[in-house]
Structures are given as C-alpha cells and as structure tokens.
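Asks: Sequence:
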Amino acid sequence: MGTAAASVRRDGDALAFAGDVVAASVPALWSQAQAGRAGAARLDLSAVTTLDSAGLALLAELAGDGALRVDGTPPGLAELCRAYRLTPTLAYVSA
1 MGTAAASVRR DGDALAFAGD VVAASVPALW SQAQAGRAGA ARLDLSAVTT
51 LDSAGLALLA ELAGDGALRV DGTPPGLAEL CRAYRLTPTL AYVSA
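Sequential numbering from 1 applies to the sequence shown in our numbering.
Simulated from the structure, these hints should not be mistaken for lab results. Glycine included, C-beta positions come from ideal geometry on N, C-alpha and C. Do not rely on the hints blindly, as some may be mistaken.
As the list claims (entries may be wrong) - Have a look at the derived ranges for each label pair, beta carbon to beta carbon: (1) Q34 with G12: 15 to 23 angstroms; (2) R9 with S94: 31 to 39 angstroms; (3) Y92 with A41: 19 to 27 angstroms; (4) W30 with Y84: 28 to 36 angstroms; (5) S94 with S31: 12 to 20 angstroms; (6) D65 with D13: 16 to 24 angstroms; (7) R69 with T49: 28 to 36 angstroms; (8) E79 with A4: 15 to 23 angstroms; (9) S94 with S7: 16 to 24 angstroms; (10) S94 with A35: 12 to 20 angstroms.
Using the sequences and the hints, build the whole thing.
Replies: In structure tokens, the structure reads:
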C-alpha cells in the first residue's frame with residue numbers, strides 16, 4: 001500500500017489539505033500553508049487520508065487555538081484530539 005502525497009491549497013476561505021498529513025510531509029505543508037494562510041476562515045480536512053501527531057500539531061498551530069473552523073474528520077483525528085486534549089476545533093481544552 002502506497003502513501004498519498006500530501007498537499008495544501010487555498011480554496012476560497014479554506015486551507016484545503018489532502019493526502020497523508022504526517023511527520024514526513026509537515027515541513028513542506030507548513031511552507032505551503034503559510035503562503036495561503038492570510039484571511040483563511042477554515043481548515044478543510046475532508047481529503048486527508050492519514051493523520052499523525054506531527055500533522056495534528058501543524059493543524060492545531062494553523063487553527064490558532066480554535067480561530068478557524070475545521071471541516072472534515074480524517075481517520076484518527078478524534079483519537080488524537082482526545083490524546084492531546086484538543087477540542088474538535090483544535091483548541092486546547094482548558095484545565
């Protein structure tokens with residue numbers, strides 16, 4: 001089974017992610033996301049096929065503690081959010 005190349009592009013008011021958002025792809029995705037970040041209102045994760053903790057960290061940083069709406073639930077997102085005490089909007093759960 002191969003891996004799906006990760007990408008991010010600006011789609012209207014969203015940063016739309018696709019493929020495997022994992023540790024190996026995070027540096028390139030970070031650079032690409034920064035280019036399209038200004039004015040984004042949401043993260044579209046509907047085309048993400050794989051997500052790991054490094055990918056979650058990237059998304060949480062981009063989400064700005066819940067400032068951006070999150071659309072889509074890639075495999076593993078709910079479990080990672082619980083493990084790292086993040087809400088579904090990728091904001092940290094207050095103690």
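Asks: Does each hint hold? Answer for all of them.
Replies: Status of the hints after comparison with the structure:
no.: 1; hint: Q34 with G12: 15 to 23 angstroms; result: 18 angstroms, holds
no.: 2; hint: R9 with S94: 31 to 39 angstroms; result: 33 angstroms, holds
no.: 3; hint: Y92 with A41: 19 to 27 angstroms; result: 20 angstroms, holds
no.: 4; hint: W30 with Y84: 28 to 36 angstroms; result: 18 angstroms, violated
no.: 5; hint: S94 with S31: 12 to 20 angstroms; result: 31 angstroms, violated
no.: 6; hint: D65 with D13: 16 to 24 angstroms; result: 19 angstroms, holds
no.: 7; hint: R69 with T49: 28 to 36 angstroms; result: 21 angstroms, violated
no.: 8; hint: E79 with A4: 15 to 23 angstroms; result: 20 angstroms, holds
no.: 9; hint: S94 with S7: 16 to 24 angstroms; result: 33 angstroms, violated
no.: 10; hint: S94 with A35: 12 to 20 angstroms; result: 32 angstroms, violated
Of the numbered hints stated above, those contradicted by the structure are hints 4, 5, 7, 9 and 10, listed in ascending order.
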